[in-house]
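Going left to right, the sequence shown walks through residues 1 to 412 as UniProt numbering numbers them.
In short, the hints are calculated from the structure, not lab data. Misleading hints may appear alongside valid ones.
Stated by the list, open to error - Restraint ranges, calculated between C-beta atoms of paired labels, are given here: (1) Thr-256 / Glu-228: 41 to 51 angstroms; (2) Val-115 / Asp-52: 48 to 58 angstroms; (3) Pro-88 / Glu-293: 45 to 55 angstroms; (4) Asp-159 / Pro-333: 36 to 46 angstroms; (5) Phe-143 / Thr-90: 25 to 35 angstroms; (6) Gly-37 / Glu-304: 37 to 47 angstroms; (7) Gly-37 / Thr-183: 34 to 44 angstroms.
Note that the Cβ used here is the ideal one computed from N, Cα and C, for glycine as well.
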Amino acid sequence: MVALTPEGKESLDAFIKSIGQDGKLPAFVAGATTANGEIYFNASGKKIVNDDASGDVDPDSVFWICSMTKMLTHITALQLIDAGKLDPETPVADILPQMSNPVVVEDDTVDPPKVVGAAKNILRVKHLLNFTSGAYPPVRAHFGTMLSEPHCREYGMEDYHTEFFKSLKASLPVVPLKHEPGTNWNYGFSADILGFVVEKVTGQTLDAVMQKNIFAPLEVQGSFYLQEELKEKVLPIAYRRPTDGNLEPFASQTGTRILTQDPAKVACMGGVGLYMSLRNYLTILRHLLQIVEGKATNPILKLETVKNMFEPALPEQGAQTLNAFVAGSGAPPGMSWSIGAMMVSTQDWEGRKKAGSAQWGGWLGMNFWIDPTTGIAGVSGVQLLAATGGIRDTEFVKAVVTFEEKVYAALK
């Protein structure tokens, strides 16, 4: 049975404590699990940077999990596919007419972009699943500290799908795509649009679907709506000043933009919008391990579907684009993307997860991995706005790598 040695746990405890003491990162939370249960969870640092009176971070603090939302959105779509209620081959425009007649553009850095012509390939649900749809975010000056406008705008509750697609179209009459559907990978709006597909097929909000089909069965809490019950537990965001690299509380500094937190003005953005504790997220990762190992009670997905979440699903050009996107992250060659909105490894990471593992993270500085071969999953994170994005902040990357290495070194 996979477990930690006493010496390994001591090493992890010392490492987590050091993060809270050295002041290079805001409050840090991290944990690991096997299919049988949580084997480690800890946290360190003050809730608010530079404010000792704010108290120590709670290991069960709620995070805005940003792009870690994507995997959960994809699970809801895969559940519909498992149930025969959604076909991956269905044209997206059959479900969302706002996506009819998209065009492929050559230069996505200007508005209006240079249009090559009408898309020749039909954009299908399967292209949303593996991020080959071509739907892309507008280029913005402050990538690390400003979320894209379609994510951040305030929405009414009546027809936010149409409002979202208006933002994507910008000055064009139809939705632009960065490439022909199915031919390449790009990190854009595929998960958000997939979430809208789920809403259309079910007739419910994505939040309601997740509550019923993921959160309630697994007894976890999470929501796209920051109601009081979650709001009082939310870990405040920190901001790394670009001038000197020091940390201060986030206070809507110049050049920053995040999601609106007014529940009445929020659309369920399947790519970025969930609030949840990292411990609850780890519970979901544990359930996926349980399905793989045949230990799940009332599994939320079929075994074959979960196995496919760890399989490469990109064309050759898409894999090349993804590997260029993560260059410099320490990832081994041969990375790919799966229908689970996760990056999958075709090779071992030295001293870390094995080939066949999947991982991704979140904009404010969060990371998760699932390693079915070793039988372990982990999560770690902060809430940090930085010029690089919290996810690529140098100190955060060091912490993520060290935490994972120490977990693997501590295994019996």
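Take a look at whether the Cβ-Cβ distance between Gly-37 and Glu-304 falls inside 37 to 47 angstroms.
25 angstroms, violated
Kindly confirm whether 48 to 58 angstroms is satisfied by the beta carbon distance between Val-115 and Asp-52.
Holds: the Cβ-Cβ distance is about 56 angstroms, inside 48 to 58 angstroms.
Taking 25 to 35 angstroms as the stated bounds, is the beta-carbon spacing between Phe-143 and Thr-90 within them?
33 angstroms, holds
Assessment of proposed distance window 45 to 55 angstroms (beta carbons of Pro-88, Glu-293):
26 angstroms, violated
Take a look at whether the Cβ-Cβ distance between Asp-159 and Pro-333 falls inside 36 to 46 angstroms.
45 angstroms, holds
Is 34 to 44 angstroms right for how far apart the beta carbons of Gly-37 and Thr-183 are?
Cβ of Gly-37 to Cβ of Thr-183: about 43 angstroms, so the range 34 to 44 angstroms holds.
Looking only at beta-carbon atoms, does the pair Thr-256, Glu-228 fall within the given range of 41 to 51 angstroms?
25 angstroms, violated
The earlier numbered hints that this structure contradicts are 1, 3, 6.
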